[in-house]
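What follows is the residue order along each chain.
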Amino acid sequence: MLYLCLVHFDDKDVFSRLSEAEKRELDINSLGYDTELAASGNLVRAQALQPPETAVLVRVRDGRISATDGPFLETKEQLGGFILIEARDLNDAIRIAAGIPLARHGTIEVRPVYQIPRHDEATAS
Amino acid sequence: MTSQASIEAVWRTESRRVLATLIRLLRDFDRAEEALNDAFLAAAEQWPRQGIPANPRAWLVSAGRFKAIDRIRRKARFDVVAAELALEEEAQMPPEAETIADDQLRLIFVCCHPEVPADARIAMTLRETCGLTTEEIAAAFLARPTTIAQRIVRAKNRIRDLELPYEVPEPQDLAERLDAVLRTIYLIFNEGYAASHGDSLLRADLCAEAIRLARLLIALLADPDAEVEGLLALMLLQHSRRDARTDAAGDVVLIADQDRRLWDRAEIAEGVALVGRLMAGRELTAYGIEAAIAAQHAVAAAPQATNWGEIVRLYDLLLRADASPIVSLNRAVAIAMRDGPEIGLAEIDAIRQGGVLGEFRYLHAARADLLRRLGRNEEARAAYVAALELTHQAAEQRFLEGRLRELSLPSP
Numbered sequence: 001m002l003y004l005c006l007v008h009f010d011d012k013d014v015f016s017r018l019s020e021a022e023k024r025e026l027d028i029n030s031l032g033y034d035t036e037l038a039a040s041g042n043l044v045r046a047q048a049l050q051p052p053e054t055a056v057l058v059r060v061r062d063g064r065i066s067a068t069d070g071p072f073l074e075t076k077e078q079l080g081g082f083i084l085i086e087a088r089d090l091n092d093a094i095r096i097a098a099g100i101p102l103a104r105h106g107t108i109e110v111r112p113v114y115q116i117p118r119h120d121e122a123t124a125s
Numbered sequence: 001m002t003s004q005a006s007i008e009a010v011w012r013t014e015s016r017r018v019l020a021t022l023i024r025l026l027r028d029f030d031r032a033e034e035a036l037n038d039a040f041l042a043a044a045e046q047w048p049r050q051g052i053p054a055n056p057r058a059w060l061v062s063a064g065r066f067k068a069i070d071r072i073r074r075k076a077r078f079d080v081v082a083a084e085l086a087l088e089e090e091a092q093m094p095p096e097a098e099t100i101a102d103d104q105l106r107l108i109f110v111c112c113h114p115e116v117p118a119d120a121r122i123a124m125t126l127r128e129t130c131g132l133t134t135e136e137i138a139a140a141f142l143a144r145p146t147t148i149a150q151r152i153v154r155a156k157n158r159i160r161d162l163e164l165p166y167e168v169p170e171p172q173d174l175a176e177r178l179d180a181v182l183r184t185i186y187l188i189f190n191e192g193y194a195a196s197h198g199d200s201l202l203r204a205d206l207c208a209e210a211i212r213l214a215r216l217l218i219a220l221l222a223d224p225d226a227e228v229e230g231l232l233a234l235m236l237l238q239h240s241r242r243d244a245r246t247d248a249a250g251d252v253v254l255i256a257d258q259d260r261r262l263w264d265r266a267e268i269a270e271g272v273a274l275v276g277r278l279m280a281g282r283e284l285t286a287y288g289i290e291a292a293i294a295a296q297h298a299v300a301a302a303p304q305a306t307n308w309g310e311i312v313r314l315y316d317l318l319l320r321a322d323a324s325p326i327v328s329l330n331r332a333v334a335i336a337m338r339d340g341p342e343i344g345l346a347e348i349d350a351i352r353q354g355g356v357l358g359e360f361r362y363l364h365a366a367r368a369d370l371l372r373r374l375g376r377n378e379e380a381r382a383a384y385v386a387a388l389e390l391t392h393q394a395a396e397q398r399f400l401e402g403r404l405r406e407l408s409l410p411s412p
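Chains as they are written, first to last, in the numbering used here: chain A, 1 to 125; chain C, 1 to 412.
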C-alpha cells in the first residue's frame with residue numbers, strides 16, 4: 001500500500017537553532033535514509049520543499065485563474081517535505097516514518113493514499 | 001523458474017516464522033520487520049536466478065540478519081550499543097529447527113504478555129503471529145486503522161520499556177502465561193463468532209485465525225495441554241455451525257431452528273473426538289467442559305434429541321471449574337429445556353437478583369423467551385425491550401424486533 005509521509009516542522013526556527021555541523025549531519029542522514037528506503041524497495045519518491053514563503057496558491061473560479069502568495073494556512077506547523085512510500089500496512093508505514101531523521105525535529109504525518117475509483121467513461125461523457 | 005507467485009507462497013508460509021526468529025536475534029520488533037522486508041527483497045532478486053534454496057526459511061533468516069547487521073554497522077559510528085549488538089550477533093550460529101519453533105512460541109507469549117493491555121494483545125497477535133495487516137485487523141473489529149496502529153505502537157513501546165523477555169515461560173509460570181494466550185485466542189474467536197457490533201453476526205475469518213492459532217500452539221508446545229486442546233475442540237464445535245447460524249438475509253437462526261445438514265461434519269468429528277479424549281483424561285478444564293456441552297448439541301440429530309440432562313450435569317461441573325454468572329445463566333437455560341420454562345425462569349430470576357448480569361443482553365433475551373413460552377406476554381415484551389436496548393448488533397436487533405412484533409399480534 002502507498003502512504004505519504006508529510007514532514008512538518010513545529011516552527012521555522014527549528015533549523016536556526018541547529019549548528020552548522022548539525023545541519024550538515026541532518027542533510028547527510030536525510031539523503032542517506034532516502035537511499036536506504038530505495039534499497040529496501042519502500043521508496044517511491046522523496047523530496048524536501050523550499051520554505052512556505054515560496055508558495056503560490058492557484059485557484060480557478062469562473063474560468064479565471066488567480067495566483068496569490070502562500071502559505072495556505074497560518075499555522076505554526078509548516079510542510080517541509082514529503083516521502084511517498086510503499087509499505088505493508090499502517091504500522092509498517094509508521095516504522096518507516098519513525099526512521100526519517102527529521103522525525104526528531106518535527107512531526108511526520110502518515111496518510112494512506114486514496115485510490116480514486118475509476119468510473120465508466122461512457123457515462124461520464 | 002521461480003515466479004513471483006512462488007515467492008509470495010513462501011511469504012505466506014514462512015514470513016511469520018522468519019519474523020519470530022529475527023525478533024529474537026535482533027531484539028527489536030521494528031528492526032526485525034525491516035530485516036524481514038530486506039530478506040524477501042533479496043529473495044526476489046536472487047531466487048529467480050538461483051532457484052529457491054533447499055531451506056528457504058534458514059536462507060531468509062540469515063539474509064535478514066546479514067542485512068540488519070549491515071544496516072547497524074553503517075549506523076554504528078553514531079551508536080555504540082548498535083555496534084556492540086552487531087559484533088555479538090555475528091558470533092551467533094545459524095538457527096536450528098527447534099529454536100525456530102520456539103521462536104514462534106516466544107512471539108505468541110510476548111504478544112499475549114499480561115503486561116500488554118488486553119486489546120493490544122489481540123492486535124499484536126493477529127498482526128505479528130497471523131500476519132494480518134493493521135488495516136485488515138481494523139476492518140475485522142470495525143475499528144479505525146489509526147486506533148489499531150496506535151495500540152500496536154504502544155504495545156511495542158511497553159514491551160521495550162519493561163524489557164519483557166522474549167522467551168517461552170519457565171514451567172512454573174507456563175500455566176498462567178498460557179492462560180493469557182488462550183484468553184486472547186478465545187477473544188479473537190468470539191469477535192468472529194458473535195461480533196459485538198456491526199451489520200453481520202459472523203466474521204468467519206477471525207474464527208479461522210483463532211482455530212489456526214490454537215492448532216499452532218498445540219503443535220509448538222512440548223507437552224500436550226488439556227486446556228489448549230479443550231479450547232480447540234470448543235472452537236471447532238462452535239465454528240461447525242457457522243453456515244446454519246444465519247439465513248440468506250443474514251438473520252439469526254437459533255440452534256433449534258438450524259438446518260443441521262449445514263453443520264460442518266469434519267469439524268464436529270474432530271471436536272467430538274477431542275472431547276472424548278479430554279473427558280477421559282485426568283484433568284478437566286473449563287474449555288474442555290464447554291466443548292463437551294457443545295458436543296452434546298453437535299451430536300443430536302434433531303433439537304428434541306438433545307440430551308439436556310447431560311448438558312445440565314456438564315454445566316454443574318463447569319460451575320465448579322468456573323463459577324461465573326454467565327455459566328449460571330446458560331445452566332438456567334438448559335434447566336428450562338430439561339424441566340420446563342417455569343423452573344428455568346426461577347433460576348434466571350435468582351441470577352438477576354444477584355445483580356451482576358443486569359446489563360447483559362442475553363439474560364434479558366433468555367428471560368423474554370421463557371416468559372413468551374409461558375404466555376406471559378406483557379412481561380415478555382418488557383424483557384425483549386430491555387434486551388434490545390442493550391444490543392448493538394444489527395442481526396440480533398432484527399431478531400429481537402421480530403419477536404416483539406410477534407408478541408404484539410393478537411393471539412390466534
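Hints are computed from structural coordinates only; laboratory data are not their basis.
Here a beta-carbon is modelled for each residue, glycine too, at the ideal position from N, C-alpha and C.
Careful, some of the hints might be misleading.
Unchecked claim - Pairwise CB distance ranges, derived in the manner of DEER restraints:
hint	chain 1	residue 1	chain 2	residue 2	range
1	C	Phe-66	A	Gln-50	50 to 56 Å
2	A	Pro-51	C	Asp-205	46 to 52 Å
3	A	Gln-47	C	Ile-218	35 to 41 Å
4	A	Leu-4	C	Pro-114	51 to 57 Å
5	C	Ser-62	A	Arg-111	55 to 61 Å
6	C	Leu-164	A	Asp-27	43 to 49 Å
To be verified - Where chain A lies over chain C, by a calculated footprint (3+ residues, C-beta under 8 Å):
hint	region
7	145-153
8	389-395
Claimed, not checked - Below, a sample of chain A positions facing chain C; criterion: calculated Cβ distance under 10 Å:
hint	residue
9	Ala-48
10	Pro-52
11	Val-56
12	Ser-66
13	Asp-69
14	Arg-88
15	Asp-89
16	Pro-112
Violated constraints from the hint list, given by number and in increasing order: 1, 3, 4, 5, 6, 8, 9, 10, 11, 12 and 13
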